[in-house]
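First to last, the sequence lines map onto chains R and B.
Here numbering that gives the first Met the number 0 is used: position 158 in the first sequence is 157, and no number is missing along the way.
Here numbering that gives the first Met the number 0 is used: position 397 in the second sequence is 396, and no number is missing along the way.
In case anyone wonders, no lab produced these hints; they're calculated from the structure.
Treat each hint with caution, since some may be false.
Said to hold, decoys possible - Okay, derived cross-link-like pairs now, SDA-like style, lysine to any residue, Cα gap no bigger than 20 angstroms in a straight line:
{"id": "1", "chain 1": "R", "residue 1": "K207", "chain 2": "B", "residue 2": "K319"}
{"id": "2", "chain 1": "R", "residue 1": "K518", "chain 2": "B", "residue 2": "K32"}
{"id": "3", "chain 1": "B", "residue 1": "K96", "chain 2": "R", "residue 2": "L85"}
{"id": "4", "chain 1": "R", "residue 1": "K166", "chain 2": "R", "residue 2": "L85"}
{"id": "5", "chain 1": "B", "residue 1": "K157", "chain 2": "R", "residue 2": "R322"}
{"id": "6", "chain 1": "R", "residue 1": "K91", "chain 2": "B", "residue 2": "L185"}
{"id": "7", "chain 1": "R", "residue 1": "K210", "chain 2": "B", "residue 2": "L163"}
{"id": "8", "chain 1": "R", "residue 1": "K523", "chain 2": "B", "residue 2": "D322"}
{"id": "9", "chain 1": "B", "residue 1": "K230", "chain 2": "R", "residue 2": "Q199"}
{"id": "10", "chain 1": "R", "residue 1": "K209", "chain 2": "B", "residue 2": "D92"}
{"id": "11", "chain 1": "B", "residue 1": "K157", "chain 2": "R", "residue 2": "K207"}
{"id": "12", "chain 1": "R", "residue 1": "K533", "chain 2": "B", "residue 2": "K230"}
{"id": "13", "chain 1": "B", "residue 1": "K319", "chain 2": "B", "residue 2": "D306"}
{"id": "14", "chain 1": "B", "residue 1": "K264", "chain 2": "R", "residue 2": "R322"}
{"id": "15", "chain 1": "R", "residue 1": "K91", "chain 2": "B", "residue 2": "L3"}
{"id": "16", "chain 1": "R", "residue 1": "K515", "chain 2": "R", "residue 2": "K209"}
{"id": "17", "chain 1": "R", "residue 1": "K280", "chain 2": "R", "residue 2": "K220"}
{"id": "18", "chain 1": "R", "residue 1": "K523", "chain 2": "B", "residue 2": "D158"}
As the list claims (entries may be wrong) - Quick list of simulated restraints, FRET-style, between CB atoms:
{"id": "19", "chain 1": "B", "residue 1": "F222", "chain 2": "R", "residue 2": "D541", "range": "49 to 59 angstroms"}
{"id": "20", "chain 1": "R", "residue 1": "N20", "chain 2": "B", "residue 2": "N300", "range": "14 to 24 angstroms"}
{"id": "21", "chain 1": "R", "residue 1": "E415", "chain 2": "B", "residue 2": "A299", "range": "43 to 53 angstroms"}
{"id": "22", "chain 1": "B", "residue 1": "K229", "chain 2": "R", "residue 2": "H325", "range": "48 to 58 angstroms"}
{"id": "23", "chain 1": "R", "residue 1": "F498", "chain 2": "B", "residue 2": "M0", "range": "20 to 30 angstroms"}
{"id": "24", "chain 1": "B", "residue 1": "N38", "chain 2": "R", "residue 2": "N493", "range": "32 to 42 angstroms"}
{"id": "25", "chain 1": "B", "residue 1": "K73", "chain 2": "R", "residue 2": "K24", "range": "38 to 48 angstroms"}
{"id": "26", "chain 1": "B", "residue 1": "K319", "chain 2": "R", "residue 2": "D541", "range": "53 to 63 angstroms"}
{"id": "27", "chain 1": "B", "residue 1": "K334", "chain 2": "R", "residue 2": "F498", "range": "41 to 51 angstroms"}
{"id": "28", "chain 1": "B", "residue 1": "N300", "chain 2": "R", "residue 2": "G492", "range": "49 to 59 angstroms"}
{"id": "29", "chain 1": "B", "residue 1": "K184", "chain 2": "R", "residue 2": "R351", "range": "19 to 29 angstroms"}
{"id": "30", "chain 1": "R", "residue 1": "D541", "chain 2": "B", "residue 2": "N300", "range": "24 to 34 angstroms"}
{"id": "31", "chain 1": "R", "residue 1": "G543", "chain 2": "B", "residue 2": "K73", "range": "41 to 51 angstroms"}
In this text, a Cβ means the ideal position worked out from N, Cα and C, and glycines have one as well.
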Amino acid sequence: MLIVITKLQNARIYDPINRINGKIKDLYIKNGHIIDKPKHGERISRTINLKNKIIMAGGIDIHSHIAGGKVNLARLLLPEEHRKYLYSSSEKLRSGSGLGTCSSFHIGYKYVKLGYTAVFEPAVLPSNARSAIIEMSDIPFIDKGTYTVLSNDDFLLKLIQKKTNQKKINDYVAWILHSTKGLGIKIVNPGGINAFKFNQRALDLDEKNKKYGITPRSILKVLTKSLIDLKAPHPIHVHGCNLGVPGNVNTTIKQISAVEGKPMHLTHIQYHSYDNKGDKKFSSGANLLAENINKNKNITCDVGQIMFGQTVTASADTMSQYRNHHFAHPKKWICADIECDAGCGIVPFEYRDKNFVNALQWAIGLELFLLIKDPWRIYLTTDHPNGAAFTAYPRLIKLLMDKSYRDNEFEKINKEAQKSSVLKNLKREYSLYDIAILTRAGPAKVLGLNNIGHLGLGAKANITVYNDKKDKEEMFEKPFMVIKDGEIIVKNGNIQKVFNGKFYTAETDYDKGIEKEIKSYFEKYMGRRMENFKIQNQELWDYGIETENIKCDRNDY
Amino acid sequence: MKNLNFTCPFCSLLCDDIQLEVKENTLKPLNSKCSILINSLKKKINEQFSIINGKKKNISQAINELSFLIKKSKSTLFAGMGTDIKGTRAALDIIDKYKCIIDHFSSDTYVKNLKSMQETGGFFLTLSELKNRSDTIIIFQTSDDVLPRLFEKYIFSKDTINNLKKRKVVFIGSKVPQFLYKNKKLINVEIIKLDSINLLNFISSIRKSINSKDSEAKDKKIFNLIELLKKTKYGSILWSISELQGDVSDLIVNEINLLIQDLNKFTRFSGLSLSGSDHILTVNEVLLWQTGFPIRTSFANGFPIHDIEQFSTKKLLDNKEVDLAIWINSFNEKKIIINKKIKNVLIGIPNHPQKNDVDIFIPVGTPGLDHNSHLLRVDKVVTMPLKKVRNISLQSVEQVLNKVKKGIVNSDN
Ligand code: SF4
Ligand SMILES: [Zn+2]
Chain R
0 MLIVITKLQN ARIYDPINRI NGKIKDLYIK NGHIIDKPKH GERISRTINL KNKIIMAGGI
60 DIHSHIAGGK VNLARLLLPE EHRKYLYSSS EKLRSGSGLG TCSSFHIGYK YVKLGYTAVF
120 EPAVLPSNAR SAIIEMSDIP FIDKGTYTVL SNDDFLLKLI QKKTNQKKIN DYVAWILHST
180 KGLGIKIVNP GGINAFKFNQ RALDLDEKNK KYGITPRSIL KVLTKSLIDL KAPHPIHVHG
240 CNLGVPGNVN TTIKQISAVE GKPMHLTHIQ YHSYDNKGDK KFSSGANLLA ENINKNKNIT
300 CDVGQIMFGQ TVTASADTMS QYRNHHFAHP KKWICADIEC DAGCGIVPFE YRDKNFVNAL
360 QWAIGLELFL LIKDPWRIYL TTDHPNGAAF TAYPRLIKLL MDKSYRDNEF EKINKEAQKS
420 SVLKNLKREY SLYDIAILTR AGPAKVLGLN NIGHLGLGAK ANITVYNDKK DKEEMFEKPF
480 MVIKDGEIIV KNGNIQKVFN GKFYTAETDY DKGIEKEIKS YFEKYMGRRM ENFKIQNQEL
540 WDYGIETENI KCDRNDY
Chain B
0 MKNLNFTCPF CSLLCDDIQL EVKENTLKPL NSKCSILINS LKKKINEQFS IINGKKKNIS
60 QAINELSFLI KKSKSTLFAG MGTDIKGTRA ALDIIDKYKC IIDHFSSDTY VKNLKSMQET
120 GGFFLTLSEL KNRSDTIIIF QTSDDVLPRL FEKYIFSKDT INNLKKRKVV FIGSKVPQFL
180 YKNKKLINVE IIKLDSINLL NFISSIRKSI NSKDSEAKDK KIFNLIELLK KTKYGSILWS
240 ISELQGDVSD LIVNEINLLI QDLNKFTRFS GLSLSGSDHI LTVNEVLLWQ TGFPIRTSFA
300 NGFPIHDIEQ FSTKKLLDNK EVDLAIWINS FNEKKIIINK KIKNVLIGIP NHPQKNDVDI
360 FIPVGTPGLD HNSHLLRVDK VVTMPLKKVR NISLQSVEQV LNKVKKGIVN SDN
């Protein structure tokens, strides 16, 4: 076999996992991976001079809704949005449409053009997992993985109600991960989506679900412990109670204390950082939450920044989405109760900079970015498409890196919102090193993935090369070159060749005895057989999906 | 001879509780009397030739000929589209690249659901929610033709997570299905007889009473129904668009979706459209994720254009707006429209009665009988895996279309 070694030389490298902060250093690629340097007698077949360029590992999006029933429902609901963004086919590329709910092929094209090479779909309902994964096989380039949603399924709630021992619950969680090919487990409004099916309209952390008599706190505790006991690659991924409700920052803080120092990832915290002070009973809770997160080193988070403009919100949190349907713009919305698992809600939304609440949401997100001190524990997301499409990342990066730009933008928003935000006083500017942590190194670490997010020995050769520009939006919007698995896939914004990435799953172990109960549950209540719920490897291979199984051996819990 | 667990591909209920006896490629269900299933499996396959212009040919000749036709065509329509996820993907690969149009057998009625969803949205549920949670079920003019075992499996069954007592089933429509009377022991049935026009007014009146605080319904029927709706803990509304009267059916569906949204102001309600014959839901989902648009979409301009009126098969064929129609149906023998003034191709099951009436006929197997497959259930959430159960070497739609595509590409070079 012909061994091809590529040398990238003269670029400035930002690789926080290997503590490289802007050093000029050569990189060698062999068989799609980074090597130290060629062995004796191995020839370098290609040298690429990247003088004045900047290199980071390929970007990693830890939370982006790119597939599954909810995304397709949003596409169905909003043909007008898709008509605004139409993409022609070409020799190599498929046609497509849309932005927030962009069609599958173009999700892949757009992500790699931004220099992202791994993206994780964070809300796959167990019953919808097979559909979502098949759909994801039509997203080219990027490596993918999913978090399976638990915490509202009748099976689990019954186990908790019956005070089932933790061991058996762990078996169930591991079985779910295995059967749905998930990498992680996501909690969404624990118990709340289920409670909404019994017409409860809100459920606070210590309130009881009418049917099962258990609280969100108990569900949170049990599942957090499960993932730790299983040594799962990624700690519990939590979309908490009371999303979007003024005053919810107190719930979020209570939630942090509920896990008693154990690792937990809080997602889109912007939506969970609202206080209820002031005339409008809506104010920023960013400072409160940031202080709390700064103190609690067990907590990681992503922000879910909003950016102004039209988008669509899509979530498994039917309770919250139903509550928010009054704000739908345009005036239409879809909700669904799904398969004794959870639900889904689609509400189109326009964030306006002159609207007090929207403007403050924008400021709160930025406050969180700037007030949470440790970049290793906060990751850059817009909760695509809920806060904005991921294509807004370059502008968001500029907001973080450039205070004068940020101040300028701040001047444009609703005046009342300006008065109730401390954003102007926050002097912090993110460095390139920080950005590399936020968008690569940090997510890789919290996901337990050792071969991406860095450029050290053995890492996948997923590499983004940027032009060094003063305007950071321009710089991050159009990388000079993107390399995936050692192949140049994007050059000056143009896609060179198309192939598919890998699919990450967690390799779990469980006591097979658990299947007896699940099997009869399926036949009795679900109206189908358990065997047809479990996704088989062969099914994935049939779609050309190559899995990368991550061992459950995380040792820093 | 052997007995297998079988998942039935013949309607979008996709029952997986069928025991199948397999004897030298003849298939016999052992534990279900579902008429669609029994009739579908009864068919004997005697021959499986391809046909070009009335003459038997081997399949590779037919595939080459089809590649040639697509290449030559100025405008190609993919019609029928009775296929699975992989078949749809393979079709879209060609449709996108060679600038074709896509429609489906069941679009005429299904687009009315689509339109309502695009204008209003809705509140929906899946089958196990229906089974385990629904204490009241309102049925708007629906027989058991579309999904024969729906009631048996998800409504009459006694085992529910929420220990539901005898459920209340209210049928509202003109043709009362017999099976409701037959199963009176299992449910509390109430019948409200109405034709389509009155049905529309009826739903509007319910909505009016619900939405205005002081107007109490004068009509006894409406008053009683509203009382029931108020008492309901978790209700569901089922409708079947193909059984509603054509000209007002889109208005009715929209009113139903709005009614469900209204009901959720005070209790819990959600809906399920029992549409989806010939697996239009499967095709539609793939189309949505790959292109952003649902059924009736053209790629003639190099990007997707979705238009419910303009890209209807009947209209395109009647007006000769396409010069090649490729019909796909791997499930049954449904009649296809043939316009002799254009080229017609059928990729269908070997027994199709019109196979000699088209320019090219290519036989294919049925998903879940002749090859492994994935199809979407009526609620669009669950994708069911189906396994090959017989061995008579029929290719899948995907295999045929992939070869067709190769054929076009090769002739390009
Ligand atoms: S109801 Fe549908 S899926 Fe079930 S056996 Fe009958 S035809 Fe097959
Ligand atoms: Zn999210």
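- prompt: Of the hints given before, which are not true for this structure?
  reply: 1, 2, 4, 5, 6, 8, 10, 11, 12, 15, 16, 17, 20, 22, 23, 24, 25, 26, 28, 29 and 31
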